[in-house]
Each structure stands twice: as C-alpha cells, then as structure tokens.
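Here the protein sequences line up with chains C and W, keeping their order.
Note that full-length UniProt numbering has the first sequence beginning at 1, numbered continuously upward.
Note that full-length UniProt numbering has the second sequence beginning at 1, numbered continuously upward.
The set of hints was computed from the structure by calculation and includes no laboratory data.
Simulated restraints on C-beta separations:
1. C/Asp-2 / W/Ser-349: 37 to 43 Å
2. W/Pro-269 / C/Ile-381: 35 to 41 Å
3. W/His-46 / C/Gly-279: 52 to 58 Å
Per the computed footprint, the stretches of chain W lying under chain C, defined by three or more beta-carbons under 8 Å from a beta-carbon of chain C, are:
4. 268 to 277
5. 286 to 296
6. 324 to 333
C-beta atoms are modelled at their ideal positions from N, C-alpha and C, and glycine is treated no differently.
Number of protein chains: 2
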Amino acid sequence: MDPVKVGVLGLGTVGGGTVNLLERNRDEITRRAGRPIDIVHAAARHPDRPRTCSTDGIRLTYDAFEVVDDPDIEIVVELIGGDELARELTLRAIDNGKHVVTANKAMIALHGNEIFAKAREKGVSVGFEAAVAGGIPIIKAVREGLVGNRIEWLAGIINGTGNFILTEMLYAGRAFGDVLAEAQRLGYAEADPTFDVEGIDAAHKLTILASIAFGIPLQFDKVYTEGIGQISIEDVTYAQELGFRIKHLGIARREADGIGLRVHPTLLPERQLLANVDGVMNAVMVNADPVGPTLYYGAGAGAEPTASAVVADLVDVVREFTLEPENRVPYLAFHSHFLSDEPIAPIESVNTAYYLRLEAQDEPGVLAEVTRILSEAGISIEAIIQKQPAAGAETVPVILLTHRVLEAQMNSACTQLEALEQVHGSVTRIRVETLA
Amino acid sequence: MDPVKVGVLGLGTVGGGTVNLLERNRDEITRRAGRPIDIVHAAARHPDRPRTCSTDGIRLTYDAFEVVDDPDIEIVVELIGGDELARELTLRAIDNGKHVVTANKAMIALHGNEIFAKAREKGVSVGFEAAVAGGIPIIKAVREGLVGNRIEWLAGIINGTGNFILTEMLYAGRAFGDVLAEAQRLGYAEADPTFDVEGIDAAHKLTILASIAFGIPLQFDKVYTEGIGQISIEDVTYAQELGFRIKHLGIARREADGIGLRVHPTLLPERQLLANVDGVMNAVMVNADPVGPTLYYGAGAGAEPTASAVVADLVDVVREFTLEPENRVPYLAFHSHFLSDEPIAPIESVNTAYYLRLEAQDEPGVLAEVTRILSEAGISIEAIIQKQPAAGAETVPVILLTHRVLEAQMNSACTQLEALEQVHGSVTRIRVETLA
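Start from the sequences, fold in the hints, and give me the full structure.
Dropping the structure here:
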C-alpha cells in the first residue's frame, strides 16, 4: 500500500526522536502497520539549525501553518508544546480534515473538550497517548484494555522529574534544592521547574486520565494540587522508619461527593509496587471492577519513549482511516453523548490517612495534649514516634500516623495543634494512602 | 444501535464471570462501545446445573455446535478450555463467518497458526487477550501500544499458581508440596497441577507472547521448559541471603543464534519490580527499542479478571466489524506475509548467569577444586558462600553465583563437579537474570 503522509510540527527533542524512530524501525513498523509511514513535511522554529535527526526527504519550513494547510498531509503530529499556539494549529489541522496526534498534555487538559468537539464535527481522529506517562501505553490500556470495567480509582507517578528528586532524597540523603539543581543540569527538569515540582504537569496528566477512566469532561481547574517543594529530608527519613516511602502521586477516586482529583506528596507502604518505582520512571495503578488492581510502568518522558507513543497513535489512526467515526475508540473513552456530569468532589470531603510532624517542647504532658486534640476531632492514631531532642534544641520532633479522616476534620485539628503553646511553628502534613 | 449478539461456549468459571460482567457493567460498556453486547445463546455441558450467573434471556444448550451454527450469532466466545474440541468448534465458527474471542492459551499456542490462517481466509477477527496473563491487557500493549518498537526481550510471571507457591515458600518458609496442596484446596491449582508447576501453562503463554513480540509463527514445541518442583526451601533462603528472589519466569529474548524461548525458575535481584510481584499476581516486563523497559501487572487468572479481557476483545471485535481485514490489528501483531522465519535458539546457546548449590565434604581443598573446574571452563564466579555444617552432617552446602556463561559450558562444568569425590549428589542449578 502507499505510504501514509505525515506532517510534523516541531523538530525538538520529541520531534527528532519521532523522525529517528520511523527511520530506524521502518521495517518493523511496516510489517505491523501494513504500510510505511513517511514524514514528508515538518515545521521547525529554526529550519537551518543542526538537529538530532536527519531531515532527508522532509520538506522543512519555519511556518507551522504551512504544514497544517498542506493538502498532501493526512496526519499532523503536534509536538511544539505550550498551549495557545498548539491549540490554534490543532484546530486548524482538524478544520482542514486532518487527523492529529499530539504529545501535548497541557493542550489536551486545557483545550481538549473544544478540540474533541471540533474533531467529532469533522470526523477525524485525535491521538494523545504520548501526552500521559510517555512510553507507557496507559491511554490504550484504560480506554480499550479495561473497557469492560467500572474504574474505582487510579493513582500514578506521572512526573519523572519529581520522582527523580524524591528518589535521590531517599537513597542519597540529599536535600530537595540540591537534587533539583542536578535534575536541571541533567536536562530532566525544565529551566523553570514550576510545572514539575508544583504538580501542574502531573495535574494535566491526571485530568486526562480521570476523563478516560470515569467518562467525565476534562476539568483541569478542579484538580487539587500540592507540590513537593515542602518535603524535607527529615520527612523522607521518618517515613522510611515507619515503613513508608514518599511519592508524588496523582490520584483520581470515586468519593462520596463525586470524583476526587488530587496531586500531592503521599506516603505509600514500602512493599507497594508503586513505592518501588524509582528515578525518572513513571507508573500508574488502576483499580477497577472486575479486573482488580493493574499497574503499568515505564519511562514517562524523553525523546525515545515519547516517540514510541506517537508512533503507536500514528498506526492506530492509519488503521482507523476507513472506519466510520462512531466505530472508533471515543476520544475520552466514552461516547460524547454518554459523558457524565458527575461532580468533582472538593478536597475537604476527601478521606485520607495522614502523617503529621510537629516540633514540640520537650516537657511532660505535651503528648497528652496532642492526642487529646486529635481524639476530640475524631481522629484515630495509628502510630506515634517521639524523637530524642538534638543537642541544644529546645523542641523534639513528634511524628504521628493517623487512620483515615475527612480533610475538613484534619484542618480543624491542625489549627488547634498549632495554637498549643508547646507546639512551635506549623504542623507538617502529608497524606498516606495504602492503595488497597 | 442494535445490540451485538454473542454466543458463549462454556458456562464454567470464566463463562459465568463473563455473563455476570456484561450484566453488571452493561451501562459502562454501552457508554464506551456505543452499543450493548448481549449473550443470547450459550452451551454448557450440563445445562440444568445451578451456576454462578443468571441465564435469563440466554438460550441454553448442551450442544456447543448448535451455538457455532446459530445464524443469529455474530461472535462466538470459546471458554471450554482443552485443545482438541475447542479447536474444532473454533474452526467451525470461523468457517461459518463468525468472529471468535477465546481465553484458551493451549488452543492458541498449539493450533493458532491453523486457526489464524482460516480466519484470514474468512476475513474474521480472533481475539485472545484473555489467553495470556488474565486481566492484564498485555496482548494489546505489545501488539498495539509498542507497535513502533523493536522488542529485545520480554520476561514474565505468567502462572499465578506457581507464583503463589514460591511466594509462600519465601515468606512462610513452607515446603513446596505443602503449599501446592493448599493451592489445590483454594482452587488456584488444577487437580492435576502438572500444567502449572511444570511450566507447561507458562510455556503456552510464552509461545503467544513471543509470536506477537518478534513476528514469528507460534512454536510451542520449541520452548525449553523447567518446572519449580525441584526448588527447595534451602534454595529460596540462600537466594534471599544473596539479595535475590526466585521466580518462575517465561523469557523470550533475541540471542546470537535466534530467539531463545524458555520457562524456568530464575533468581532476580530483590529490588527488581518483577521480584516483588507476589502471590497469584502476574506481571510481564518488556524491553524494547525505543521505549526501554515497560512492565504490566495484574491478576493473571480467575473468573473476573479473565472476563475483563474477554469483554475488551468483544468490544474491539465489534468496533472492527466494518473494517477491511487488512486494516485490522494482525492476529500475531505482524501481517502474515511479513512473519519471520528467524530460528528458535537451542537452550545450549543461551547465555545466563547461574546460582549453583552443591553438597561438599567439610575438608580443606574442596573449594579450590570447585573453583579450578569453573575457572578452567571459563566461568567467572561472582560470589561464594560456604555454610557451617549442620550437627552430625558429613557435608556442607556450598553456594556459588556465576557471571553469564553459555549453557553448554555450564553443562560440562557441572558434569565435572559432580564427578568430584568430595561432592555428593548432583549440583542444583538455577539461572540468574538481572533483566538489564
């Protein structure tokens, strides 16, 4: 069969990786897809700059609109990142009747509802496997592999930079800022690492995962997001003493008041598989009826793993060329007229267990006061550790593990704890999940 | 749209689970698939026996051929197990122009080449996601999610009973026979547990995984298979002392002389994710270019997880109804005219590291003899442990870890070791893999 003609927007890390992959594995891909996939037109900001891929046979331009308007192109691969320009180009490509494949999580999380509506109108496919967890085929697993399931919750390590930082803090005992600087040197973290460490990148991905899991529209603005910037080496160490590891998780779960969507540091029991996903690797655990827990692990970023996902989408789109849109896999897993308006549960109504650390004066009766306040707030304590005071310190660290409690109750208890004269500063709070 | 009409062969564990799932999650499935899926005709060996599912609205028969010949049926789900009758029914269903979904790994491993040839001739789909690793969407991940990759190797815990036994030996210190008896009581193992503990079931699954990973025909008879019946509690304990866990793995890897296909007990470093997959759970690790290592984890058996995979296949088949066969996902991932005749490497040409245990007389010079023999065979030693003799014992256990060596070299060295007067009995050999 004739080669499929593809246009690429952006020849940076992922764009270059995609060009290289289609060239290097051309034979394997053709044997599976039944026909070759050729990149024939590409837009790069600086078309004359040296790059990581060969551009032989590719028409190069600096004008991305030239690619989306090229009548020869059947599929546009959007790899420029950012959200506004990417959105504009994607909508124009769709308007021109082209299928789209993208690795852009921000664009899908923020503008996906609009993009899918337009794509539905024009009858084209939009693939976004590369937008979540890089090379792990997690979109495919949830949308298709678990199609018979009612999904109860999912929880994932979906930002490699954050996981690299937490892993180094644990095994090398290094401080947050120190590891972050190294991640930037190694090219894992962005120059502005806000998206990684504050959880915004993870929230984009969680938004997408939650939509395809629960059949709800994309609602990025409703994700509760906490970063890892406040995690200290002490917390990592105390968590380890208690048999836990700290991971930055995105969690989507059916709660009493709707679907809870949250990104925050989380203590996980050390024997959990997710607790053992280290370095820049990603993993997503999904708990569903009837399959039970399943987990998907792999590289969450980087040119090559992301290119793997882009090519998987390209082949899927090619296979669907002649399929009527209503028989394709729906963009958000559920057919649009069946999307649910189930509310997003406010964080105050979410139930989790807690790790608490407070600095208390080293004198009798403090522990009695602390436990009284928690008990009166209806919070059960699972474990308490009171450390020895450091030489010359006037306070001792007290670490508590609680049973599950409503967020609102914990807020009120912490206010009271912080008001105690014997407690100095604020209470450090980290949620605990057993994922059972 | 009209409901899809499905016939089921077999209303045992998985059949009952599938009927229940389609009923319980009917709303979720319809919202995703776009149309309901109805089981309208089912064959059971004893149609009047009480069962785990409701059969309201299902025409029941004891004659499976009546279902495959029913002109109303669009998809036949084969869940009777075994291989000969299942093969006959499947071929007849295909001959009648029906699509087939099966959970039958023995049938696919032994007769898949014939079945897919017939299906290609008749232009029908054959889904077999449920045949490997139960509810884990591993067939989909490898065939579609990694479509752009050149797969280097895969390794999996793909028999839940065997993994349950090894896990209990490790954590509860119980002997093989004791745990096996419990697995049978709990219904994990078959009454005749040969398929589980001798690795035949795992070899069926590995045959299928290797075909879709490497684009080779199904070749069950070429899989090298070793069971776990010889694993002693001592080996489990010594492995742990050395920082390893013993798992029963199926491994398919590109070797110098072709593709190596083998099922055997394996020492894995304890920090490996696969080493931490416990109990009846399954997991498959795939290493591929460009995605790198990915891992897929979940329940490998049982009515509900297997039903999850059956329904995923049903929905895929329904979506493909109107697709020309050449645009469907090929049965064995690669289009049939592109299947490769790459040879299967004989076990003698496979390279692995080894754990060796021998019983030696407690006298000077024995270790020197042992290390001399290994050194002369070109085998490098990574670690040696010589245990204290048990009270009254005339031998001491000597445990060695070697570096990677050609199987043929190890065979010759072991013959020499066993010929030593100071070495009693035979040498226990277990392969070691680092999966890196």
